[in-house]
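Using the sequences and the hints, build the whole thing.
Protein sequences, first through last, are from chains A and B.
Residue numbers are given in our numbering: position 127 of the first sequence equals residue 127, and the series is strictly consecutive.
One rule links them: number in our numbering = place in the second sequence (from 1) + 1000.
Hint data in this document are derived by calculation from the structure and do not stem from the laboratory.
On a predicted model such as this, the values are computed, not experimentally measured, just so you know.
It is possible that some hints are incorrect.
[As the list claims (entries may be wrong)] Calculated lysine-lysine pairs in the DSSO-like style (CA-CA distance at most 30 Å, straight line):
no.: 1; chain 1: A; residue 1: Lys286; chain 2: B; residue 2: Lys1099
no.: 2; chain 1: B; residue 1: Lys1301; chain 2: B; residue 2: Lys1180
no.: 3; chain 1: B; residue 1: Lys1095; chain 2: A; residue 2: Lys286
no.: 4; chain 1: A; residue 1: Lys63; chain 2: A; residue 2: Lys136
no.: 5; chain 1: B; residue 1: Lys1099; chain 2: A; residue 2: Lys41
no.: 6; chain 1: A; residue 1: Lys41; chain 2: B; residue 2: Lys1095
no.: 7; chain 1: A; residue 1: Lys136; chain 2: A; residue 2: Lys41
no.: 8; chain 1: A; residue 1: Lys41; chain 2: B; residue 2: Lys1180
no.: 9; chain 1: A; residue 1: Lys286; chain 2: B; residue 2: Lys1180
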Amino acid sequence: MATLFDINLFALFGQLLVGLINGSFYALLSLGLAIIFGLLKIINFAQGAMYMLGAFIALLALKYMGINYWFALILVPLTVGLIGILMERFLIRPIANEDNLYSLLLTFGLALIIQGVFTHAFGSSGLSYPVPEALKGGTKLPFMYLPNYRAWIIIVSVFVCAGTWWMIEKTKLGAYLRAGTENPQLMQAFGINVPLIVTLTFGFGVALAGFAGVMAAPIYSVSPDMGSNILIAVFAIVVIGGMGSIGGAIITGLGMGVVEGLTKYFYPEASNTVIFLVMVIVLLLKPAGLFGKEA
Amino acid sequence: MNNMKLNLFLLALALLAPTVLYPVFLAKVLCFALFACAFNLLLGFAGLLSFGHAAFLGTGGYVTGYLMINSGLTPEIAIILGTLAGGLLGAIFGKLAVKREGIYFAMVTLALAQLVFFFYLQAPFTNGEDGLQGVPRGALFGLIDLSNNMVMYYFVLTIFVAGYWLINRTVHSPFGQVLKAIRENEDRATSLGYDVNQYKWLAFVISAALAALAGSTKTLVFELASLTDVHWHMSGEVILMTLVGGVGTIFGPLLGAGFIVTMQNYLSGGEMGNYIHIIMGAVFVICVLSFRSGIVGQLMKFKRNNF
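Right, dumping it as structure tokens:
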């Protein structure tokens, strides 16, 4: 066994890997929240429910329609995104002019409904989704055994996050989005259909959660409360990072996953709470968050 | 004057109610009504949405339950200590939470409450998933035995009236007026020389302590302190009670708590029990979309328009 200063490297790298994987999901979910917040100035409490929905739709599609993982990876985010678009158009838009706390409560209610329906239909115990054939097995590295599917999660998440960042920061569509964040009235005056952009943005943010759900299905058990458990941690991550930047949301998400993994190795009792403790420290030292702009 | 009459009417109703209804059910309604009133002090009068009030309810419950089981203190002392523990936790959380506003305030309180949830889940003295069971009610001042449900009910009613009175006094005091000013226009309140964060913090502490008082009392009524009370679902429930009744109204949280507790009792008995979260979610959505001023708010509108 390789040990260095009394540290078991196998176990340490194992926890780091778990941390990076959790971090990938934190990054995808907080990225979705940040994009939605940027334009709509609301927090989508149903983001966790959409993540759960993504995993369940993938599971049901495989079971009843024989749609495999690879098609699910495309179709599920589109489906979840469509649900998001309907949600924005018919439920959130009517109260767009009210205090944004109401939209938080509205999406909280929606999350309760979605989670309740799935608990009623499938019970609260977890279901399992098979790892796709092409990604079975693993690679032996000097200090650890790396299952292929886990490597796949990290690579794809980083790729999707980077792609989203590039789209928002470097493309014309992204420029519209950023301009809409700054001054929606002026955008409208330039003849750009702002309500449409708002709806699509919400759909995209929610689709990211659906995508994360499909990615998560083969490694976590698919259960109705998988979304609410992760969402509260993601909220803390959003407070730690601040909503200021897209890049900040991604880095904070991955970083907090790693911090959680390290805590699991060095002091497992605190692994559930370490993200919240980091939030407390950040609130004391830099209340606006690590990447936050507002004072 | 009108409020005074209504208060006296409600008090008479509360005094007579246990002759008709089951006293433990009524005591439950009163505990949740106090919880909702405490929450409403923050949301309705200071404009701060806390998504973590379950932490204070649960802390009051666990501290009181632990003391009643292990220390041999009389119930009134255990309740006071539970309330103080909740107030202390509120003082710490409040300091952190008032650093952020609006939606961030909600997320910070939710995350802090989750920290508390994990603490109680893992701490050795809470019995984890089982909770503290068989909490003795004890004898009030060492004299009056609370094991009789009727006696317990009137004890709870006394606590509720005291808490309710304190909230009313707070709302109508100069302090309460400053809170309203902050709710309406925070920058203006700052420019008038008020230390806004200090006011918010104090409101948070009072609200947390009263929520803990409700939790302490509830533990005695049910002889149980469990994780349900610290779960984020509970933080959501108290928001719903306040919203249904009418945010920022004095009587709203009372009515809302009565409505939700009755609904839960009614549903959990029958085969609809499985649907309880779905129904709660639906009530949330309906309230936010088309019933934002709540029952009391709607009644007041109706009264203004017709009388």
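Okay, the hints, checked on the actual structure:
With a CA separation close to 10 Å, the supplied pair Lys286(A) and Lys1099(B) stays within the 30 Å bound. With a C-alpha separation of about 20 Å, the suggested pairing of Lys1301(B) with Lys1180(B) holds against the 30 Å cut-off. Pair hint Lys1095(B) plus Lys286(A) holds up; C-alpha atoms about 14 Å apart against a cutoff of 30 Å. Pair hint Lys63(A) plus Lys136(A) holds up; C-alpha atoms about 19 Å apart against a cutoff of 30 Å.
Distance restraint check for Lys1099(B) and Lys41(A): the Cα-Cα separation of roughly 19 Å lies within the 30 Å cut-off, and the hinted pair is therefore satisfied. Proximity of Lys41(A) to Lys1095(B) is assessed by CA-CA distance (about 25 Å); at most 30 Å being required, the pair is judged to hold. Taking the CA atoms of Lys136(A) and Lys41(A), the gap is about 41 Å. The hint is violated against a cut of 30 Å. For the suggested pair Lys41(A) and Lys1180(B), the alpha carbons sit about 24 Å apart, so the restraint of at most 30 Å is met.
Between Lys286(A) and Lys1180(B) the CA atoms are separated by roughly 28 Å; this keeps the pair inside 30 Å, and the hint holds.
Going through the hint list in order, the structure does not satisfy hint 7, though it satisfies all others.
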